[in-house]
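*Asks:* Starting from the given sequences, assemble the full structure and let the hints guide the process.
Protein sequence lines correspond, in order, to chains A and B. The first sequence begins at 147 in my numbering and counts up by one. The second sequence begins at 3 in my numbering and counts up by one.
Hint data in this document are derived by calculation from the structure and do not stem from the laboratory. All values derive from a computational prediction rather than experimental measurement. Do not rely on the hints blindly, as some may be mistaken.
Unchecked claim - Derived lysine-lysine pairs resembling BS3-like cross-links, with alpha carbons at most 25 Å apart: (1) B:K229 x A:K155; (2) B:K154 x A:K233; (3) B:K341 x A:K235; (4) B:K154 x A:K196; (5) B:K229 x A:K153; (6) B:K211 x A:K282; (7) A:K201 x A:K166; (8) A:K171 x B:K211; (9) B:K229 x A:K152; (10) B:K341 x A:K282; (11) A:K196 x B:K341; (12) B:K305 x B:K285; (13) A:K155 x B:K169.
Unchecked claim - Take a look, some chain B residues computed to stay more than 12 Å from chain A by CB distance: (14) N6; (15) H14; (16) S81; (17) S86; (18) F102; (19) Q182; (20) F193; (21) E263; (22) L277; (23) E279; (24) H289; (25) R325.
Unchecked claim - Here are some chain A residues pointing at chain B (derived, C-beta under 8 Å): (26) D179; (27) Q189; (28) T191; (29) Y242; (30) E283; (31) T284; (32) V285; (33) I286.
C-beta: ideal position from N, C-alpha, C; glycine also.
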Amino acid sequence: MKARIKKEKILVHEPSCGSKPEWPKILRILMTDEFTKVDFGYQATAYYLKGGWVKIDKSSFIRDCTTLKKYKFLRVDRIPEAPHKHKFKTTIEYLYFSLYFEPIPQNVECVDIIEMDKKDGYYSNFYRVNIRGAEKETVI
Amino acid sequence: MPLNKEATLRYHIIDECLRNKHKPYPAIEFLMETLEERLGKKFTVSTIQKDIKAMKEDEELEYFAPICFSRQFMGYYYSNPEYSIKKVPLHTDEIEALEFAASIIQQYKNTSISGTFSMAVDKVLTSLKAKRHSENDVNTNIIFPEKSQDFKGAEKIDFFIHCIREKIPVSFVHYSYHEQRFDSYIVHPYFLKEHRNKWYLIGYSESRKSLRIFGLDRIEDILMLKKRFFAMPGLKPLDIFKDSIGVFLSGVGKPKTIKLEFTRNVSGFINSQPLHESQKIIKYLEHGGIIVTLQVHQCPELKQLLLSYGSDVFVMEPVSLRRTIEEELEKSLRNFKTKSTRKK
Numbered sequence: 147m148k149a150r151i152k153k154e155k156i157l158v159h160e161p162s163c164g165s166k167p168e169w170p171k172i173l174r175i176l177m178t179d180e181f182t183k184v185d186f187g188y189q190a191t192a193y194y195l196k197g198g199w200v201k202i203d204k205s206s207f208i209r210d211c212t213t214l215k216k217y218k219f220l221r222v223d224r225i226p227e228a229p230h231k232h233k234f235k236t237t238i239e240y241l242y243f244s245l246y247f248e249p250i251p252q253n254v255e256c257v258d259i260i261e262m263d264k265k266d267g268y269y270s271n272f273y274r275v276n277i278r279g280a281e282k283e284t285v286i
Numbered sequence: 003m004p005l006n007k008e009a010t011l012r013y014h015i016i017d018e019c020l021r022n023k024h025k026p027y028p029a030i031e032f033l034m035e036t037l038e039e040r041l042g043k044k045f046t047v048s049t050i051q052k053d054i055k056a057m058k059e060d061e062e063l064e065y066f067a068p069i070c071f072s073r074q075f076m077g078y079y080y081s082n083p084e085y086s087i088k089k090v091p092l093h094t095d096e097i098e099a100l101e102f103a104a105s106i107i108q109q110y111k112n113t114s115i116s117g118t119f120s121m122a123v124d125k126v127l128t129s130l131k132a133k134r135h136s137e138n139d140v141n142t143n144i145i146f147p148e149k150s151q152d153f154k155g156a157e158k159i160d161f162f163i164h165c166i167r168e169k170i171p172v173s174f175v176h177y178s179y180h181e182q183r184f185d186s187y188i189v190h191p192y193f194l195k196e197h198r199n200k201w202y203l204i205g206y207s208e209s210r211k212s213l214r215i216f217g218l219d220r221i222e223d224i225l226m227l228k229k230r231f232f233a234m235p236g237l238k239p240l241d242i243f244k245d246s247i248g249v250f251l252s253g254v255g256k257p258k259t260i261k262l263e264f265t266r267n268v269s270g271f272i273n274s275q276p277l278h279e280s281q282k283i284i285k286y287l288e289h290g291g292i293i294v295t296l297q298v299h300q301c302p303e304l305k306q307l308l309l310s311y312g313s314d315v316f317v318m319e320p321v322s323l324r325r326t327i328e329e330e331l332e333k334s335l336r337n338f339k340t341k342s343t344r345k346k
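*Replies:* So, in structure tokens, the structure goes:
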């Protein structure tokens, strides 16, 4: 029986992608054998008097732009899963949170990170997140 | 006079021999053999006798060991079988010094260094059965070092100390209060600095290609990276903040001469606790005020410091700094007036 060789953990720094100012910012993507972790930073919006709220839907997924293969949502860190919400108290609040998905191949060139596969403005869907062109590091 | 290290070792070996219940009443020849065996060199009868005398009588050693000679068994023994030089208590001032250090380091109670140190002090004092004041003792709280509130980020100090020592580049997410945004950074960490009970990491940022300061309270999710560490050539940590107040990086440009006039209300404090090591009193005024100069960079911390003196300070030079302070005071006054009116 062949022993499975563990791949190195690859960290992608601030990949470029289509986004809106009011959306969370993709800060890093960590690719490991067990999961793909996407780190987001979010500044409460001045659109709402008290900064509004955030949540994440379990139906979120990552999609390889080339093969269109989907990678399922696994879990979250520091953000509630819908229907629960993180409600801000003021517009100066901020939130750093992470979403975990199934592991994506380390040679993937570009992914879509989809909160809800609908083409309207209510969901933060990041299309064509450029993994290939981003700065990459190996994590100890 | 500092103790001779070898002599101290001899005292401890003699002490062990005197306390060995399997070989009681060691003779001087036995002590000589044991010392030779343990320390790898011969000692004379005279040396051993002097050692025993020192252990019994030397006031600097403070052992005052109850060593007696038994004519019946032709050997030495402790008249108090419980005695050991290892049980000799610390001097009172040494205990106080340890407790003082422990109380100061308590400020950093979230770090493992503080925990380890406090435990070590407790262990020493407990093992020496040092008499400590009880909680109800009125003398217990006689020293009050400035205690910081638990601050977010203190738990990262140990991690960064490890990365700095081992020269490991790191990746982390940082939130800027000023810009109200998140960024991720790859940083080669150099050192940590404390300012007003807050800790900062100073390191080389790859994306900014320069030395940067990061408040530990705003750093999230640190990852160690497998890449070559970059050491900035000619970096001297002590020089970086030499010409600044607070945590402003003074690597670029020369510091400016800041000329300030203080009223008599605060001149005594300014005199006894200079604002910066470059402070010079250039004039004592008739009414008790003083004029001082500082050689520092203009930075937000300087502005905050001057504003904290309110009407007791006047910025004589440079004019740009005076304008900045004036504007801030005017804004403050407007704010107060507006809100006072609103309350009515």
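*Asks:* The structure should be examined with respect to each hint, and the outcome stated for every one.
*Replies:* Here's how the hints hold up against the structure:
no.: 1; hint: B:K229 x A:K155; verdict: holds (13 Å)
no.: 2; hint: B:K154 x A:K233; verdict: holds (21 Å)
no.: 3; hint: B:K341 x A:K235; verdict: holds (22 Å)
no.: 4; hint: B:K154 x A:K196; verdict: holds (23 Å)
no.: 5; hint: B:K229 x A:K153; verdict: holds (17 Å)
no.: 6; hint: B:K211 x A:K282; verdict: holds (17 Å)
no.: 7; hint: A:K201 x A:K166; verdict: holds (17 Å)
no.: 8; hint: A:K171 x B:K211; verdict: holds (22 Å)
no.: 9; hint: B:K229 x A:K152; verdict: holds (19 Å)
no.: 10; hint: B:K341 x A:K282; verdict: violated (52 Å)
no.: 11; hint: A:K196 x B:K341; verdict: holds (21 Å)
no.: 12; hint: B:K305 x B:K285; verdict: holds (23 Å)
no.: 13; hint: A:K155 x B:K169; verdict: holds (20 Å)
no.: 14; hint: N6; verdict: holds (47 Å)
no.: 15; hint: H14; verdict: holds (44 Å)
no.: 16; hint: S81; verdict: holds (61 Å)
no.: 17; hint: S86; verdict: holds (47 Å)
no.: 18; hint: F102; verdict: holds (39 Å)
no.: 19; hint: Q182; verdict: violated (5 Å)
no.: 20; hint: F193; verdict: holds (21 Å)
no.: 21; hint: E263; verdict: holds (37 Å)
no.: 22; hint: L277; verdict: holds (31 Å)
no.: 23; hint: E279; verdict: holds (36 Å)
no.: 24; hint: H289; verdict: holds (44 Å)
no.: 25; hint: R325; verdict: holds (28 Å)
no.: 26; hint: D179; verdict: violated (16 Å)
no.: 27; hint: Q189; verdict: holds (5 Å)
no.: 28; hint: T191; verdict: violated (11 Å)
no.: 29; hint: Y242; verdict: holds (5 Å)
no.: 30; hint: E283; verdict: holds (5 Å)
no.: 31; hint: T284; verdict: holds (4 Å)
no.: 32; hint: V285; verdict: holds (5 Å)
no.: 33; hint: I286; verdict: holds (4 Å)
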